[in-house]
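Whole structure, please, built from the sequences with the hints as guidance.
Each residue of the sequence shown is one higher than the last, beginning at -5 in the numbering used here.
No false leads were slipped in.
Straight-line C-alpha distance at most 20 Å; calculated EDC-like pairs for lysine to aspartate or glutamate:
no.	residue 1	residue 2
1	Lys121	Asp168
2	Lys165	Asp175
3	Lys121	Glu152
4	Lys245	Glu303
Here are the simulated distance ranges between beta carbons:
no.	residue 1	residue 2	range
5	Asn145	Lys216	50 to 60 Å
6	Asp151	Val94	45 to 55 Å
7	Ser239	Asp108	21 to 31 Å
Simulated from the structure, these hints should not be mistaken for lab results.
Even glycine gets a Cβ: it sits at the ideal position worked out from N, Cα and C.
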Amino acid sequence: TSGPGFALMAEALGWAGINEVPIVITLYQRSGPSTGLPTRHGQDDLLFAVHAGHGDFPKIVYASGDIEESFYDTGRCFNYSDIFQIPVIHMMDKFLSSSVVTCKRFDPQKITIDRGQLLEKTDGEYKRFAFTDSGISPRSRLGLDNGIFWNTGDESDEYGHITEDPQVRIKMMDKRMSRLDLVLKQISQDEQVVSFGVHDYTVISWGSTKGPIIDAIELLKKEGINIGFIQIKLLHPFPADYVKSLLKDAKTIIDIEANHSAQLGKLYNQNVLGDIDYYILKYTGRGMTSTEIYDSLKKIVQNKANKREILSHGA
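Rendered as structure tokens:
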């Protein structure tokens, strides 16, 4: 879906959250708000995805940076959803989704399927939302004897029966929200963040800006200018400690993304408690080009840039 369709799913997303239902939503972003630029590019929905749905419940927001990543990340997202029994929002965008590229043939054998904790049998009663040491309640398979359970939008006990008992509420909320810590512990760091090196000047970004950023950095390197780049793929829960450790030697941090409000920059500020020195932003509905990123990065190195460099290439 894209932004308007996802907006209509927000209530159901919360229902999936309270019922610990694995679901993957591919959010193919384009320019908003409302109808906006319906056939044009944008990265406008990051914060919307992170905060979609009312109330507190765990989810994963995960972004691919190129076509090859998109294929393999789809498999990862389904595994994450099944393992942690939470919604996963796979972030794409118009530039990435509508591009035609030449790449190596995808190898489906590289994608392993992990359905998470599934019951093989029950002992006559089944607690779908059982409290466990891991924080994950085993799921029954379709057709499993005595594997029937209740789902409801209300808070429930271990059997799925509606309750408003305050102590059960605390335990259920804590159980569900503990998945966020599990995500950060169990998803490998190379699947959370991809580092292309860190230098005094280092870019942080996400999504389809990856390609033109790498091209621009290569052009600058030929001129003796070294720029680092880390691509953040796991956007929620945000891998704050790992990102902070990667950037510890960077002196100037540059956020590049295709929206007006620098939404990744806001997540960085909120989670790392660090400052962004420069923003390179584009919100014309056109994809970023390596040329305009190159020009902006060079201006930053030469101390000639504005705090917010706004890009506008493209007809």
